[in-house]
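Line by line, the protein sequences are chains C, B and P. So for the first sequence, this note's numbering puts the first residue at 255; every next one is plus one. So for the second sequence, this note's numbering puts the first residue at 8; every next one is plus one. So for the third sequence, this note's numbering puts the first residue at 2; every next one is plus one.
In case anyone wonders, no lab produced these hints; they're calculated from the structure. Hints are supplied without guarantee of correctness; some may be wrong.
As the list claims (entries may be wrong) - Derived DEER-like restraints, expressed as beta-carbon distance ranges:
#1 Gly59/B - Ser335/C: 54 to 64 angstroms
#2 Pro245/P - Asp296/C: 49 to 59 angstroms
#3 Gly293/C - Asp69/P: 24 to 34 angstroms
#4 Asp22/B - Val149/P: 31 to 41 angstroms
Said to hold, decoys possible - The list that follows gives simulated cross-link-like pairs (lysine-lysine, DSBU-like), each with its CA atoms no further than 35 angstroms apart:
#5 Lys292/C - Lys633/P
#6 Lys17/P - Lys292/C
#7 Lys259/C - Lys17/B
#8 Lys60/B - Lys17/P
#9 Lys499/C - Lys145/P
#10 Lys119/P - Lys292/C
#11 Lys479/C - Lys639/P
#12 Lys131/P - Lys292/C
To be verified - Listed next, the stretches of chain B that the computed footprint assigns to chain C, with coverage defined by at least 3 CB atoms under 8 angstroms from CB atoms of chain C:
#13 45–58
#14 143–156
By construction, the Cβ of each residue, glycine as well, lies at the ideal position given by its N, Cα and C atoms.
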Amino acid sequence: MITIKEYVRAESLEQAYTLNQKKRNRIIGGMLWLKMGKGAIDTAIDLCGLGLDKIEETEDTFVIGAMTTLRSLETHEGLNSYTNGSVKRALENIVGVQFRNLATIGGSLWGRYGFSDVLTFLMSLDCQVELYKGGLVPVEQFASMKHDRDIIVRIIIRKAAGRFGYSDMRIQSTDFPALNCAVSYFDGMWRCAVGARPSRAVLVKDEGRMLPEKPDPEQAETFAKTVAEQVTFGSNMRGSARYRKHLAEVLLSRLFTEIGGNLS
Amino acid sequence: MNIRLKLNGKMISEDIAPDLLLIDFVRKHGCKSVKRGCETANCGLCTVLLNGKPVLSCSVLAARADGQEIFTLEGLQEEASEFISFIANQGADQCGFCNPGFVMNTIALLRENPDPTDDEIKSFLSGNLCRCSGYEGQLRGIRDFLDSRKGGDR
Amino acid sequence: METKEYKVVGRSMPKKDATQLLLGKPVYTDDITPDDALVVKLLRSPHANAVVSEIQTAVAKRIPGIVDIFTWEDVPKNRFAIAGQTYPEPSPYDRLILDRHIRFVGEPVAIIAAENEKAARKAMKLIKVKYEVLEAVLDFRKAKDHPVLVHPEDDWFPPCEVGGDNRRNLVASGENHDGDVEAVLSDCDVVIEHTYHTKAFDQAMMETFRTYTEFDRYGRLHVVSSTQIVFHCRRILSNALGIPKNRIRVEKPRIGGGFGAKQTAVSEVYPAFVTMKTGRPAKIIFTREESHIAGSPRHEMEITLRLGASRDGTIRAIDLYTLSNSGAYGEHGPTTVGLSGHKSIPMYTGSLEAFRFSYDVVYSNTLAAGAYRGYGATQGIFAVESAVNELSEKLGMDPTEIRLKNMVREGMVMPAYYGETANACALDRCLAHCREMFEWDKKYPVRDMGNGKVRCAGVAMAMQGSGISNVDVGSATIKLTEDGGYILMIGAADMGTGCDTILAQMAAESLGCDVDKISVFGADTDASPYDSGSYASSTTYITGKAVENACEKLKKEICAIGAEIIGCSAEEIQFDGGEVIHLPTGKKIPLSDIAYKCQCFSERTAEATASHSSPVSPPPYMVGMVEIELDKLTGKVKIIDYMAVVDCGIPINPALARIQAEGGIVQGIGHTLYENLTFMENGGLIEKDLMQYKIPTRLDMGKLTVEFEHSHEPTGPFGAKSIGEIVINTPAPALAHAIYRATGVWHRELPITPEKIVFGEE
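The shape of chain C in the complex, shown without the other chains (with noise of 0.2 angstroms):
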């Protein structure tokens, strides 16, 4: 258990970016992940008061706060009518409704946890994670951004007409993800986040355009195989290398067909 000296709920994020700035400071999110360290933090920072806990839709994107919970996303009507039901998917199996209740898009996200579904999920999208000091960035080149002092504030999701899915292996239904898949197609283009390697996702893109908007079985196949020889897997003990590649081929192909057949 994490011992704290002092709890400050900040009252703007001028203030929680100073205070940050502090290597035994630290900001709070769900507090699921943080509370099982040993370390000690001076202070603990909450953005809990600044009202970042929205999902707000416009026509053209989502802009949703960094202390919004997984289960309001997971709930949120319109993310799920853009998404086909994806957001739902990559979170319903997350632990627990009182898991998902407490853990933010925010801290999700910060951790850049090799596990994450919501990193995953992110990376399919045209998503921006908007941080204070650093403005926008896409999610791709965040996931691969050092951890610094610096606070994840939204997340910005443009709204591109396409198709997504999402996909994972959860040996047993709550647990880790033995591997995660999310995909998409839109501006013309397969984009496939693969996550849990165990490492994080990395998201690989068809910018040579191989595979048709309407894939058959053997070319989804194909593709699959293609991405999968793309990515790095490692080993641990949800699944060695060798599996989580063969799952990834699986889960995606599985996908393309998917998304390719609701595109018809």
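Let chain C serve as the given structure and place chains B and P on it in line with the hints.
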């Protein structure tokens, strides 16, 4: 630091350590129904309602609950009494250690979705582990309650 | 079959504690004991085999709030066992409260007593320990006669002769047989020979180990603990602390699950030692991690089996060798292994011409195993039932037919089960019933569902025992209250199973009253009559009979008191449960008069105690069938339906019996498909919490259906046998069978993970 919050309808103002967890705060205030079953936010035994939403009290700083409203099973005895006899009729209470968390989350489910399907029940309660019952009896109990309620409406 | 109409027995009713539990009332150890007791924490070793060469506590002791810190130098030097077993225990005396020699990762090296949790945690970081790290025996297959000894000490002591030898890393070894197994095997048309491996699965009861201790108003050690074994616990503490048993009182409040974990005194000695040293109330609450790394999990076993049959499917011989891993200490090692043979082989008594069962139980520098529901039978049945399924597939016979051909039937003498006779056995009816309910003929064939998915089915049978024959003692005291109610006092432990309620049902049946008239108290070594405790599927069968006997005694006593009131002989008095009647005159005496009579100028008391023990341990029987959908591309197994039919004699409370079965099946599903144990190089467990050790959720077990076939066990109370343990035994072989049907590969190691399925790794 000082916090003020409403616990089971009662205002409490108290000096606390900044790293005190909500589970320890409510247990200290006599809400012994709230149980700790793990340290990893996996079991659901510590479920309380924070501003009406079910959350894991093991993962909430008491400090964050400042100014909020908390309910534990101690404060929802009547609402629970509406359906627990149906669980008891199945013998699905078993050792009972997971019961308060399960009952709290069932309350949350039924408030949000008064007429859930079996799949919706399973899905909403999937974060409530039980090692005794095998879950089927809990489901039968909730189903019997819902059916009895429908019968009563007619 | 003998059938009898009962008024209370055989009826479903809620548990007596249901409302309290479901409303979250404070009924568990941590709820009812003071919050300001000393916090007891254990500093644990990071090494699997090491000697503490130096331990410095002075700095840690100076932290405000630290009351004291104890090391191996401070504890008594007499070895003891923490297994909850009847004296003399089969488990070796191989423990100290703290040992200088560390034998597994997670073994305690210091006991910290603090005013609060924070101080204790701080102190943990400041205790400096120097270890002399030794080579560890981490592979139990290499443990026997390994040059490194887990227990080299001279004062290692086995109270019973069980074939153990600490100079060979042997906890126990033995062999028994009937007939010439080699001769029969060499004459068989088919021999199935394989090795099966099951792991040290964790009970994962929701309430971790915990104990509170204090000196009571007489200065005696008062222990409130989450335990299945109050009386054994008293003896264990007396041995460990070196204090007389009459200076110790152990009681259990409600228990948050046990499944055998709490048949071992895992947490009791630490706060007890602190209270003895400091004179202050003390409490230990195991974290989930501590429960996993230093609890009392299932014995890991490797079972090598040869099963011989003739071409027509007659099973003629079984040769079974079990290698059991007791881990760092010997608790339950010599006894669990016995069940791997004795409760698997007898299922085929119908045709078996010869069997041999031999075993070694070894020490290794891994988790110390203990008792877990099924207690060795689970492991043995996985092996035997898998082999029988393989035989049937090999011969092209329906696996239910092959079982009907070979199974034990009522009236048979079982040479592989201590020569006991199957007095009550509905195994054949269980199989027929389950076949029909499950629609076996429809579900057994493999069906292609498209997109790489297939559906198919698997089957397994199981047996267990009902108590430990010639050993277990159950007792009950029943007292009449002044208004005609009763108090039933027991030493058995309701750990959620509902035994308080079913014992009350038996008392109500005997006394001819409503079950609400019976209040139950237990268990407390000061107040309860002696009971071995709740384990080995003993409570319904053994303690239940004691309840029945105590009630019969009380009825006689009530008649005698009635006779005193009337001034007649007791033969003229009849007690039908409602009232006491003087037969010649028809005069009625209310029960309250009987009770009050004993409170005024009387030498009689309206109470009775009876003890019971049994020379036999009648097996319950069960058949389980599972339908799965297996995704051949991902290896994911989805359970569609799990159906089972159980013969537990007469179910005393069918609702509770059903829940036992459903809960056991789901635990079995967990062990089979994902509960796993893997270790780091230093011997430390990776799956040490519920984040990594995954137990089934309600999304993981499909639909469960459990029904019963009644039999009437003549030696059991109201015809009852047991149900607590058998229910965990069918999932592993049934699922392994279904997975074979889908993939053509037999998996002989648990858990059967999706990866193993995809790559066909046996």
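Checked hints:
no. : hint                                    : verdict
1   : Gly59/B - Ser335/C: 54 to 64 angstroms  : violated, 25 angstroms
2   : Pro245/P - Asp296/C: 49 to 59 angstroms : holds, 53 angstroms
3   : Gly293/C - Asp69/P: 24 to 34 angstroms  : holds, 28 angstroms
4   : Asp22/B - Val149/P: 31 to 41 angstroms  : violated, 55 angstroms
5   : Lys292/C - Lys633/P                     : violated, 42 angstroms
6   : Lys17/P - Lys292/C                      : violated, 42 angstroms
7   : Lys259/C - Lys17/B                      : holds, 28 angstroms
8   : Lys60/B - Lys17/P                       : holds, 31 angstroms
9   : Lys499/C - Lys145/P                     : violated, 40 angstroms
10  : Lys119/P - Lys292/C                     : holds, 12 angstroms
11  : Lys479/C - Lys639/P                     : holds, 26 angstroms
12  : Lys131/P - Lys292/C                     : holds, 22 angstroms
13  : 45–58                                   : holds (count 7)
14  : 143–156                                 : violated (count 0)
Comparing the model with each numbered hint stated earlier shows that hints 1, 4, 5, 6, 9 and 14 do not hold.
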